[in-house]
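Build the complex from these two chains, which are given one at a time in their own frames, with help from the hints.
One line per chain: the protein sequences are A and B, in this order. Per our numbering, the very first residue in the first sequence carries number 24; after that it's consecutive. Per our numbering, the very first residue in the second sequence carries number 2; after that it's consecutive.
Treat the hints as calculated values from the structure; they're not laboratory data.
Facing chain A, according to a computed beta carbon distance under 7 Å, are these residues of chain B, among others:
1) Y35
2) R92
3) K104
Every residue, glycine too, gets a C-beta built ideally from N, C-alpha and C.
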Amino acid sequence: NAGVTQTPKFQVLKTGQSMTLQCAQDMNHEYMSWYRQDPGMGLRLIHYSVGAGITDQGEVPNGYNVSRSTTEDFPLRLLSAAPSQTSVYFCASSRDRGRTGELFFGEGSRLTVL
Amino acid sequence: DAKTTQPPSMDCAEGRAANLPCNHSTISGNEYVYWYRQIHSQGPQYIIHGLKNNETNEMASLIITEDRKSSTLILPHATLRDTAVYYCIVRVGGSQGNLIFGKGTKLSVKP
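So here's chain B without its partners, still in its complex pose (with noise of 0.2 Å):
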């Protein structure tokens, strides 16, 4: 079973930021969590992850809470390419673990 609980959908203003949410109250100290996305039928799409420390790269800032039981993907200026299915995973099985998918959330970015 997903260690993730994330809302089935949700939707942005083009331009705006998008703030995704992931519960993951269960992690353990050493498990990662893993930003994925997947346009349409497309195959899923590395976005970010991270341990402890926020994160940013060129696509997406990654703020995960002090202790480490929820986490938020930010998509700084939504644009409708950005429409998709974003995947929150912690990865079992410590540093060369299985990444194990649960349904996503169906982000809707409106013009």
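Isolated chain A, as found in the complex (with noise of 0.2 Å):
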């Protein structure tokens, strides 16, 4: 299995241009969040999802948007990037929504707004 995995590892923008950060898992988890990390911060929650078709808001979701069509995807789109929105974000899952305690994480998706 490979796991959580993030793409791209890397990302330039300009202010305004707009993005999709993907995320899948090969694990047939139901619950996938979206976290995001500022330098010497810990982590925000952005967005999450219980399953297929659902999805809600997290600590810090204005400019984010996401969407679970399947079981395995759980991209995250920036509609319009703006410099406060540089940071490094991390897709997570874990089994089910019981299980939210438990995420494993992808390696990490590092986003610079100029």
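What follows is the structure, given as structure tokens:
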């Protein structure tokens, strides 16, 4: 199993551009989530999903959209990138919502917005 | 806001036990305590979790006080590879809640 795969690993955007961070897991996990991590900070929850077709907001959802059309994929969309969205983004999954504490994380996607 | 308080940094000698403290004085009766670690800039790694009883697995032991207001993560024989940021997290929202990460403790294991 590859686990949780994130692409791209690095990305540079200009202010106002849009892009999608991809996240895929091959563990048949129901629960998936996106976090962002800024320098010297812990992780902050952006959006999460408890299953295909179901998404909800976390702590810092503004400026981001998500969808969950399949169990495997949970893309994160930046509609109009801003410098404040420069961060490292982590996707995570767990077997089901009852085990949301036992997360498997991807390696991260490092985004710079100029 | 995170419901836990951890020291920002700690040192430990290689081969010795590393004891990482965490205060969670406002924890509710059904809220679990989770520990994760993050090595360099990698994705965080789940270590262990518990509710009331002490827990042990192949990575670490978790000691929770009887009043549940604090806990200690124990790495029995720390190695250089255990150098990481360790996060103590109280899962809010009951059994299906999300994890809210704080800033954690930077553990430096020294030769």
